[in-house]
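K.L.:
Chains as they are written, first to last, in this note's numbering: chain Z, 624 to 891; chain B, 9 to 366; chain D, 2 to 319.
Simulated from the structure, these hints should not be mistaken for laboratory data. We put the CB at the ideal spot given by N, CA and C, even for glycine. Some hints here could point you the wrong way.
To be verified - Below, a sample of chain B positions facing chain D; criterion: calculated Cβ distance under 10 Å: (1) Phe45; (2) Ile46; (3) Val48; (4) Gln52; (5) Gly82; (6) Ile112; (7) Val113; (8) Cys117; (9) Tyr140; (10) Ile285; (11) Gly334; (12) Ile337; (13) Leu339.
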Amino acid sequence: MRAPSGTGPEVAVGDVLLSVENVSLSFGGVNAVSDVSFDIRKGEIRAIIGPNGAGKTSMLNIINGFYHPQQGRITFKGKTRAKMRPHDAAYGGIARTFQNVALFRGMTALDNIMTGRTLKMHTNFFWQLLRFGPAMAEEVEHRRRVEEIIDFLKIQEIRRIPVGRLPYGLQKRVELGRALAMEPDLLLLDEPMAGMNLEEKEDMSRFILDVNDHYGTTIALIEHDMGVVMDLSDRVVVLDHGIKIADGTPDAIKADQGVIDAYLGVAH
Amino acid sequence: MFYREAGQYKTSYRADQALFPIRQDQIGMLLILAIAFIGVPLTQSDFVIDSFITPILIFSLAAIGLNLLTGYTGLLSLGTGAFMGVGAFGCYKLTTFFPHVNIIVIIVCSGFLSAAAGIVFGLPSLRIKGFYLAVATLAAQFFLSWCFIRIPWLYNNNVSASIEVPERMMFGIPITGPTAAVTTRYLIVLSIVAVMTWLASNLIRGRIGRTWMAVRDMDIAAELIGIKLYQTKLMAFAVSSFYCGVAGAMLVFLYLGNAESESFNINQSFLVLFMVIIGGLGSLLGSFFGAALIYGLPIVLRMVKEGLGLAVTSATLEHINFITLGTLIILFLIAEPNGLARLWQIGKQKLRVWPFPY
Amino acid sequence: MHLLYQIFIDPFVQMGSAPDLLAQTLWEGLVSGVLYALIALGFVLIFKASGVFNFAQGIMVVFAALTLVGLYAHGVPAFLALAITIGVMFLLALAVERFVLRPLVNQAEIILFMATFGLTYILIGSGELIFGGDPKVMISDQLLLPSGAYTVKMLGGFVQMQKIDIAAAIIASLMVASLALFFQKTRIGRALRAVADSHRAALSVGISLEYIWVVVWFAAGIVALATGIMWGARSNVSFALEIISLKALPVLILGGFTSIPGAIIGGVIIGLGEKIGEFYWGPLFGSGIEEWFAYVIALVFLLFRPQGLFGERIIERI
Numbered sequence: 624m625r626a627p628s629g630t631g632p633e634v635a636v637g638d639v640l641l642s643v644e645n646v647s648l649s650f651g652g653v654n655a656v657s658d659v660s661f662d663i664r665k666g667e668i669r670a671i672i673g674p675n676g677a678g679k680t681s682m683l684n685i686i687n688g689f690y691h692p693q694q695g696r697i698t699f700k701g702k703t704r705a706k707m708r709p710h711d712a713a714y715g716g717i718a719r720t721f722q723n724v725a726l727f728r729g730m731t732a733l734d735n736i737m738t739g740r741t742l743k744m745h746t747n748f749f750w751q752l753l754r755f756g757p758a759m760a761e762e763v764e765h766r767r768r769v770e771e772i773i774d775f776l777k778i779q780e781i782r783r784i785p786v787g788r789l790p791y792g793l794q795k796r797v798e799l800g801r802a803l804a805m806e807p808d809l810l811l812l813d814e815p816m817a818g819m820n821l822e823e824k825e826d827m828s829r830f831i832l833d834v835n836d837h838y839g840t841t842i843a844l845i846e847h848d849m850g851v852v853m854d855l856s857d858r859v860v861v862l863d864h865g866i867k868i869a870d871g872t873p874d875a876i877k878a879d880q881g882v883i884d885a886y887l888g889v890a891h
Numbered sequence: 009m010f011y012r013e014a015g016q017y018k019t020s021y022r023a024d025q026a027l028f029p030i031r032q033d034q035i036g037m038l039l040i041l042a043i044a045f046i047g048v049p050l051t052q053s054d055f056v057i058d059s060f061i062t063p064i065l066i067f068s069l070a071a072i073g074l075n076l077l078t079g080y081t082g083l084l085s086l087g088t089g090a091f092m093g094v095g096a097f098g099c100y101k102l103t104t105f106f107p108h109v110n111i112i113v114i115i116v117c118s119g120f121l122s123a124a125a126g127i128v129f130g131l132p133s134l135r136i137k138g139f140y141l142a143v144a145t146l147a148a149q150f151f152l153s154w155c156f157i158r159i160p161w162l163y164n165n166n167v168s169a170s171i172e173v174p175e176r177m178m179f180g181i182p183i184t185g186p187t188a189a190v191t192t193r194y195l196i197v198l199s200i201v202a203v204m205t206w207l208a209s210n211l212i213r214g215r216i217g218r219t220w221m222a223v224r225d226m227d228i229a230a231e232l233i234g235i236k237l238y239q240t241k242l243m244a245f246a247v248s249s250f251y252c253g254v255a256g257a258m259l260v261f262l263y264l265g266n267a268e269s270e271s272f273n274i275n276q277s278f279l280v281l282f283m284v285i286i287g288g289l290g291s292l293l294g295s296f297f298g299a300a301l302i303y304g305l306p307i308v309l310r311m312v313k314e315g316l317g318l319a320v321t322s323a324t325l326e327h328i329n330f331i332t333l334g335t336l337i338i339l340f341l342i343a344e345p346n347g348l349a350r351l352w353q354i355g356k357q358k359l360r361v362w363p364f365p366y
Numbered sequence: 002m003h004l005l006y007q008i009f010i011d012p013f014v015q016m017g018s019a020p021d022l023l024a025q026t027l028w029e030g031l032v033s034g035v036l037y038a039l040i041a042l043g044f045v046l047i048f049k050a051s052g053v054f055n056f057a058q059g060i061m062v063v064f065a066a067l068t069l070v071g072l073y074a075h076g077v078p079a080f081l082a083l084a085i086t087i088g089v090m091f092l093l094a095l096a097v098e099r100f101v102l103r104p105l106v107n108q109a110e111i112i113l114f115m116a117t118f119g120l121t122y123i124l125i126g127s128g129e130l131i132f133g134g135d136p137k138v139m140i141s142d143q144l145l146l147p148s149g150a151y152t153v154k155m156l157g158g159f160v161q162m163q164k165i166d167i168a169a170a171i172i173a174s175l176m177v178a179s180l181a182l183f184f185q186k187t188r189i190g191r192a193l194r195a196v197a198d199s200h201r202a203a204l205s206v207g208i209s210l211e212y213i214w215v216v217v218w219f220a221a222g223i224v225a226l227a228t229g230i231m232w233g234a235r236s237n238v239s240f241a242l243e244i245i246s247l248k249a250l251p252v253l254i255l256g257g258f259t260s261i262p263g264a265i266i267g268g269v270i271i272g273l274g275e276k277i278g279e280f281y282w283g284p285l286f287g288s289g290i291e292e293w294f295a296y297v298i299a300l301v302f303l304l305f306r307p308q309g310l311f312g313e314r315i316i317e318r319i
């Protein structure tokens, strides 16, 4: 169980939001993921862990619609998909961040987060051309929402700086902001703490918890730092060489011999 | 000291997102417009306006068009000349069919013809990227150039395969054709360019501009936040070609007075591309700088030659022009890949902190 | 209806009724294809080794030919002029490496691509300045290149094959074979491939980028010179060649940007396609479809196979 955050009531965990069934993915002979099944419940923080090369990022990419599994199916919000394009995943309410920060380097932090609102902006070309009336009202409204996120993530000072010039930790925060701007039902975080020092990790952990508390967003996160995983997550899935080797609460996982072996490199 | 923003704070998002949020910039813009609309016609000679300012304005518009496609959306295009040509020949045919419709309306409509051509030749962008897409635009360039010669209907079967601009009036004043005054044409070009630049800046600052830049910077990530890549790219092609088409129509109707297929060949595409590179990719202001420099270069060279009293033929001058252009391109790419626009920004930054060094 | 007949039936009827003409057209297509392939070869060399798409390859062909002819016109004996021209191409490679490639070493590919536009303009300007813009005659006899033609009686008529074209095909094949071997088998070849993959990685294992780049641009210069001589021997040496050399781009699309055999096959396909298209379908459209037909072929190809015949499939990872 995660440590009490003290910031509010714990979010009630609900029905299954996403379920992965017997999914297999291979790239020209390399089995990235083999017959993996697990589910993610609404409102929970689910960690996906495992040694390097376990297939964790591939799993996220599958959920996102970026890779198409050769076998298996994914059910999201009750709907089972055959093939999903990334755009449809976004439309359906899935947002994510990336291992190597995938921000738009030519734009400022503010603009990057504003792009996250694209799906919600509907004024047509004509009004955009004039930047008047509905277009302006929409721009201001979304700016307001984005500023809420900027306040939440405490990145006010850097909003006008091109993201290419920001330090790594702040870039990751901006990327989180962009994902939040999509108001997702499911937020996929790929190693959000990578390359951070202790202080930055604590900040990011707090943000993740706050997102889950404040917005009720379901979160799936890939993470290597075991302390973070144990503290933050409700349930954990462990992958190794593309196979699921454990699935349960952090305490159960900690005690699981198979998991310990995998991390210590014991052949099995 | 003079260019400080201190004390200028915004109390609404609307104000913060204005085109010129800094008061000094607002004043500066008004001054520039005043000079352009009133000062220039009053003080500059017809010669300066006609051989320098009017064409630079027209090419700035073409450069803006290409910049929207290449600088903001990241799609390299070598077909600018052809799209300008579609605008020019389209304008010619439209005004042949509708001689009594106001020519400015026709010019704007020919932009739509160009936009259609842009969409057609942008269709491959669904599957093709980068260099390959540039080659596809080359296909557009060569095919359309061929059309401009081989389809006599386009130039009303004129024997010399060129188009002569007919006289058109507005409010009783000749605007196009041999009798149109330099100042009249200049003011119309200026108005069209000013309005279209403003519209472009609106697009850039809003949702559409952001989606373009997102596609440019990382199209995979753009897709994952819900941006439809194909629609975005086609929109870029359409808008960009619209601008190039209007520029082409203005080039022929409000400046040259005539045109032939050669006016819109691959060399023209390169010239506009150089304007965009030197002026600054992804900068509207840079388009103006780039057009001024590239267009002004031969004129400056000629002045240098006359100033130094060198006995150099005009052909040689043109060769030197080519060499200088090429060298400038390489120098800019090495020293300041973001072009003159970035240098301008650096200059403004220095002005902000003046008299302190940083 | 008549139009459909004209497009889909008539040209084939024509082909069948005069097979010797078809053979002649095929031969012409093959020949121009070989020459396109030579230009494409220069592109592939530079791209394979430096990741730079050298838009100036075409003008290098013209420049090399002009230098050769220009030297001869000033009284330099033919083979000495050839040697000096080779030297000039070497100096050009040195200059390009020093003043263009080195300052731009870690920039995006598109920046380097645009730098070669600048290079193109510089070479056009200098070429015209130094040698003048009027067409020149290639010194084929002095270089001991064959002239005249073989007339072969076949397929109910005559097919004429210029000896110079046969020589061009042979020289091209030799060049391709030796370059392919060079890349695969030698140490420098391996280094070249490493550099093409990643400048930074190559630097970190101690490969001298400057050396490699000079080598490869020099090689491309030699190829350009050979191409210029062959092209010039068939028609004159003029700046129109620069535009024709843009045809190498469709060749590269078909053959892939990094494949030497691909450049040949792509060149042949484009050359054949273009000539046959022009001869049998051209009259339908009015003449001159050669100007764009190659590009349309490439475009259609791209839509079905974005990486070309031999190019490598790029798998993007995030």
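K.L.:
Against this structure, judge whether each hint is valid.
P.N.:
Status of the hints after comparison with the structure:
| no. | hint | in the structure |
| --- | --- | --- |
| 1 | Phe45 | violated (35 Å) |
| 2 | Ile46 | violated (38 Å) |
| 3 | Val48 | violated (31 Å) |
| 4 | Gln52 | violated (31 Å) |
| 5 | Gly82 | holds (8 Å) |
| 6 | Ile112 | violated (33 Å) |
| 7 | Val113 | violated (32 Å) |
| 8 | Cys117 | violated (27 Å) |
| 9 | Tyr140 | holds (6 Å) |
| 10 | Ile285 | holds (6 Å) |
| 11 | Gly334 | holds (3 Å) |
| 12 | Ile337 | holds (3 Å) |
| 13 | Leu339 | holds (8 Å) |
In summary, the numbered hints that this structure violates are 1, 2, 3, 4, 6, 7, 8.
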